[in-house]
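Asks: One letter stands for each residue in the lines below.
Number of protein chains: 2
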Amino acid sequence: MPIKPQILKGTRDLLPPAMILRHHVIDTLEAVFERFGFEPLETPAMEYAATLEGKLGEEERLMYRFLDAGERMVALRYDLTVPLARVIAMHQHELTMPFKRYQIAPVWRAEKPQKGRYREFWQCDADIVGTKSMVADAECIALMNTGLRELGFSSFKTLINNRKLLVALAEYAGVDRGLAVRVYRAVDKLEKIGPENVREEMLEYGITPEAAGRVLDLVQTEGTSRELLERFQRAFAGQPAGLQGVRELQEILDNLEAMEISDRFYAVDLSLARGLDYYTGPVYETIVEEPKIGSLTGGGRYDELLGLFTGTPLPMTGTSFGLERIVDVLQEMHGGGLAGTTSEVMVTVFSPELLAKSLRLAGHLRLEGVHTEVYYDAGDSLGKQLKYASRKRVPFAVIMGPDEAAAGKITVRDMASGDQRTLSETEAAGIFRAWVERRGTMSVPVVVE
Amino acid sequence: MPIKPQILKGTRDLLPPAMILRHHVIDTLEAVFERFGFEPLETPAMEYAATLEGKLGEEERLMYRFLDAGERMVALRYDLTVPLARVIAMHQHELTMPFKRYQIAPVWRAEKPQKGRYREFWQCDADIVGTKSMVADAECIALMNTGLRELGFSSFKTLINNRKLLVALAEYAGVDRGLAVRVYRAVDKLEKIGPENVREEMLEYGITPEAAGRVLDLVQTEGTSRELLERFQRAFAGQPAGLQGVRELQEILDNLEAMEISDRFYAVDLSLARGLDYYTGPVYETIVEEPKIGSLTGGGRYDELLGLFTGTPLPMTGTSFGLERIVDVLQEMHGGGLAGTTSEVMVTVFSPELLAKSLRLAGHLRLEGVHTEVYYDAGDSLGKQLKYASRKRVPFAVIMGPDEAAAGKITVRDMASGDQRTLSETEAAGIFRAWVERRGTMSVPVVVE
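These protein sequence lines are chains A and B, in that order. Going by the numbering used here, the residue at position 83 of the first sequence is 81; the numbering climbs one at a time, nothing skipped. Going by the numbering used here, the residue at position 293 of the second sequence is 291; the numbering climbs one at a time, nothing skipped.
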């Protein structure tokens, strides 16, 4: 009896049109990562559960854990950051520090599946290990900027904050040390729920109305990034960690200026906290404003995580692109114009006698670098063959009939317009070569521009 | 207490030098796949266990199976072929047939780990669904040929056989139908264990000495591929399936000739069986002769697999590159000459005052497409900075000291030779651009050619 073919909820098959766009995004980001001097690293999907646990907070209950055949408790990786820390702990002395790596790979979380949320999804991370220099943090922000621009986004802003300022903010406002985390969990929602609800949340946790007022007052200060930092510097006078946090952000701004990143792309924002427990310094997140789609990338500094493995902390900072979201957004933005196939030319087969000529021609086109298919069933009518190319949205078909064969020519048909021209093989190769050259220059893979 | 950082046996961390070579192999094969008109497809790592089971024979006991949080019995994919069949069964009517897909992705098997054998390893498959045409099988062989040549292999041979001939061989030799599988399991080892051991193995299974003699006689026939097929045609006269198998191989040879694949790269070999149960037609395997490293790719036709899902078979044929083995072999062939980093230039930082100039320069180099690092700690001596570049094997360092800054120039140091030249930024960009252009033209990624 046949087995019913089915797939687990929260997992997906990515058919070619989806994969073409996805490859484009991954290739673009890989190229940007390497241009910034990040190197590729890969870690196993499966690790000892004990390696992955105890780093991420209560979200860890979503980890896929099971006993393997050797009765070891193993888990599928939940993110790419904890495995990186494990690699550093094991290979610290083989690696030249500072070490810059990127990894683009799937992770698994037993989330409740919903639109845009999957149980198996890809992360796309770049991290710098072994330096406290704010050049590294600025580079992560520049990297996000370059990556998003190369993907075709032009209107976005990176919000920048520092966990040290959030600690100082609580102290400045006179909030009990034990409640500091409540302050930044609450202000993190400012943009989403508004100041009144943030105030309410703080009061619920026992923060006094005066303290809540001082928090909201400072968080809602208006001004340029430089002006905000001056205000925070005055507010945190006498708090060494807070002042250190302000200096770090000043250095980041200096570095971004030197890197010639326009300040329309970033802004200091004291309300940004980010979710992960392990951040210790600068944090940042990029919000795309046009189209309004929220956060696409984010990251921060986490100087304590490695200490969980080695007992000795080593500074780390890094950023992550939301690959699934980026792909979904580009899909929505470009819709039907996206390429439906990687194939560029389909060579038809006029008759079984002319099959060899079609195969030879296909070989020549492939040597030119053209993505070439040959129609497989020599007995089918030309109409049926062209219909295949059309359904698949292959941009060109080539016809090599008895007339063409006798004249040493081929007929090239533009499948979109239906225009046909009979050309020498050399002339046709020129057309296709121009097509091949354009392939890499489009900001998204489209059929016709 | 710190957690001991460790990794599961049979899994690996791939540090940057290993990843650079691996990316090169994957990029090369992807480009070849697309040139042959194969499109990318991706399936989840995790599937219902029932989907994957019952297709591969007793090897299936190596599958990683476990209950997920919803008490579903799930498994990590064991290969890429069974998931492909499941995709076809589910999406047959959305896909234009024939459908050509490639997938390069990890699979998991709880094998006993040993040199070159891993529990998590990558497969690299290309398959054609929905045609019985021998053009498809020939294309798979041409694909393996092109792929290996582009990876830099020049001395290899694809052995070609047909499962139909192996069935006919048993009948021709007078072997009981029930023992036919023993015949081809035995002759498959001919190259490895020699004719006397093959004979012994057949006798052990109750095949008569006469039958074993006839088997060995036909299998050891010498001659060109065409001559062998003529001999088999005579031997299998009266066996329609056997004759059909011979005709299929003749067509494959015709097609390979038309594709201008030199016959020094392939040969019919009646002893080739291949391991998987599901093959039904042509099978092939490529043996690299120089260096002597055995099989790197293989594949075949499996027209019945899809029927296990849908009840209705659909023809499928395909090939698989042994990615892990290819990478290991290239590593051995090129050894120390391989690139150790993706970075091409490291910009030093002469002093904290000159940091901004170095950052600006790095930005310009990145715009040119140069893979550029900046040294992070402005306070470190130039010697320490150059040592970092040297340990990491970054090919060039750039120095921007006060003299250079005043003159609007930069000093470029070739890290291998130690040669230094002071140039304008435009002149330097020209040198780096030439380096960037060479990047894609090397058959393996090396530091210096």
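No lab work stands behind these hints, which were simulated from the structure alone. Hints may be right or wrong, so weigh each one.
Intra- or inter-copy, both count: the list cannot distinguish identical chains.
[What the hints assert, rightly or not] Below, simulated BS3-like cross-link-like pairs (lysine-lysine); rule was C-alpha separation at most 25 Å, straight line:
hint: 1; residue 1: Lys390; residue 2: Lys110
hint: 2; residue 1: Lys110; residue 2: Lys382
hint: 3; residue 1: Lys385; residue 2: Lys355
hint: 4; residue 1: Lys2; residue 2: Lys290
hint: 5; residue 1: Lys155; residue 2: Lys407
hint: 6; residue 1: Lys187; residue 2: Lys7
hint: 7; residue 1: Lys355; residue 2: Lys290
hint: 8; residue 1: Lys407; residue 2: Lys7
hint: 9; residue 1: Lys385; residue 2: Lys130
hint: 10; residue 1: Lys130; residue 2: Lys355
hint: 11; residue 1: Lys382; residue 2: Lys130
hint: 12; residue 1: Lys390; residue 2: Lys130
hint: 13; residue 1: Lys355; residue 2: Lys7
hint: 14; residue 1: Lys385; residue 2: Lys187
hint: 15; residue 1: Lys382; residue 2: Lys187
hint: 16; residue 1: Lys155; residue 2: Lys7
Asks: Between copies, within a copy, both or neither: which fits Lys390 and Lys110 at Cα up to 25 Å?
Replies: neither (35 Å within a copy, 44 Å between copies)
Asks: Pop the pair Lys187 and Lys7 into one bin, within, between, both or neither, using alpha-carbon distances up to 25 Å.
Replies: neither (30 Å within a copy, 44 Å between copies)
Asks: Is it within a copy, between copies, both, or neither that the alpha carbon of Lys155 lies no farther than 25 Å from that of Lys7?
Replies: neither (34 Å within a copy, 44 Å between copies)
Asks: Can you tell me if Lys385 and Lys130 fall within 25 Å by alpha carbon in one copy, between copies, both or neither?
Replies: Answer is between; shortest inter-copy Cα gap is 19 Å, intra-copy 60 Å.
Asks: If the cutoff is 25 Å on CA atoms, where do Lys130 and Lys355 land: within, between, both or neither? Let me know, please.
Replies: Classified as between: cross-chain Cα gap 20 Å, same-chain 64 Å, threshold 25 Å.
Asks: Indicate which option fits the pair Lys355, Lys290 if close means a Cα-Cα distance not exceeding 25 Å: within, between, both or neither.
Replies: neither (53 Å within a copy, 36 Å between copies)
Asks: Go through the copies and call it for Lys382 and Lys130: within, between, both or neither, with a Cα cutoff of 25 Å.
Replies: The answer is between: 17 Å across copies meets 25 Å, while 64 Å in one copy does not.
Asks: Checking an output row: Lys382 and Lys187, CA cutoff 25 Å. Within, between, both or neither?
Replies: Answer is neither; intra-copy 58 Å and inter-copy 45 Å both fail.
Asks: Indicate which option fits the pair Lys407, Lys7 if close means a Cα-Cα distance not exceeding 25 Å: within, between, both or neither.
Replies: neither (52 Å within a copy, 59 Å between copies)
Asks: With 25 Å as the alpha-carbon cut-off, assign the pair Lys385 and Lys355 to within, between, both or neither.
Replies: For Lys385 and Lys355, only the intra-copy Cα distance (21 Å) is at most 25 Å; the inter-copy one is 58 Å.
Asks: As a check of your reading, is Lys2 near Lys290 (CA-CA no more than 25 Å) within one copy, between copies, both or neither?
Replies: For Lys2 and Lys290, neither the intra-copy (41 Å) nor the inter-copy (44 Å) Cα distance is at most 25 Å.
Asks: Go through the copies and call it for Lys390 and Lys130: within, between, both or neither, with a Cα cutoff of 25 Å.
Replies: between (52 Å within a copy, 20 Å between copies)
Against the hints set out earlier in the document, violations occur for numbers 1, 2, 4, 5, 6, 7, 8, 13, 14, 15, 16.
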